[in-house]
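Peer 1: Sequence:
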Amino acid sequence: MNEVLSSMGGQRTELDQLQVDGHKVTDESLESTRRMLSLCEEGQDVGAKTLVMLGEQGEQLDRIEEGMDQINEDMKEAEKNLTGMEKCCGLCNIPCSKVKQFKQKDGTWKDKGDGVVTGQPQRVVGELNGVPTGAMQIARITNDAREDEMEDNLGQVNNMVDNLRNMAIDMGSELDNQNRQINRLDHKA
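Using full-length UniProt numbering, you'd call the opening residue of the sequence shown number 1 and step up by one each time.
Heads up, a few of these hints could be off.
Said to hold, decoys possible - Once the Cα atoms are required to be at most 30 Å apart in a straight line, the calculated DSS-like pairs of lysine-lysine come out as:
1) LYS188 <-> LYS24
2) LYS80 <-> LYS188
3) LYS87 <-> LYS76
To be verified - The calculated label-pair distances, taken between Cβ atoms and stated as ranges, are:
4) ASP186 <-> ARG140: 51 to 61 Å
5) MET53 <-> GLU77: 50 to 60 Å
6) ASP45 <-> GLN11: 21 to 31 Å
7) ASP62 <-> ALA168: 17 to 27 Å
8) GLU86 <-> THR50: 32 to 42 Å
Think of the hints as simulated: they come from the structure by calculation, not from any bench. We put the beta carbon where it would ideally sit given N, CA and C, even for glycine.
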């Protein structure tokens, strides 16, 4: 009879140990979801700041391009004035050296319409790797508030990852536009 009681006591201790281990894993999982949430928030902040900086950089490139276009117009006007002065020198018979013609490549200063956006980047909403985003649930073991918080944290992380993906698409599009603009500026220079 003592053997039966001691074996039941051993099972009880083993069950208690499993419950303690289960709570420990649940606590670690909860902390993990909190860290994920914190990292995603940090990533969104960095992404938002990057988008703002890319916008400012784009505005600077626009101002540079406008300045280069204005310089081109000024050069055309100066060439006309020099041609007029050359004619004047010819009337008075003053020895002037002939002014070298301002050479302009066709198409360099023409607007090619590269800055016009004809379409928006495509975003896939509602699925993540083929799994509908609304179907995210954790396996419930203890069915307590910790698991509720984990599920809420994972839902927020999922939304933030979607936002980060969209930010990355926007950044890529802006960088592509700016690279085309830099190539135009290089060609004009």
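Peer 1: Would you mind marking each hint as holding or not holding in the structure?
Peer 2: Right, here's what the structure says about each hint:
no., hint, verdict
1, LYS188 <-> LYS24, "violated, 65 Å"
2, LYS80 <-> LYS188, "holds, 20 Å"
3, LYS87 <-> LYS76, "holds, 17 Å"
4, ASP186 <-> ARG140: 51 to 61 Å, "holds, 60 Å"
5, MET53 <-> GLU77: 50 to 60 Å, "violated, 36 Å"
6, ASP45 <-> GLN11: 21 to 31 Å, "violated, 51 Å"
7, ASP62 <-> ALA168: 17 to 27 Å, "holds, 23 Å"
8, GLU86 <-> THR50: 32 to 42 Å, "violated, 53 Å"
Of the numbered hints stated above, those contradicted by the structure are hints 1, 5, 6, 8, listed in ascending order.
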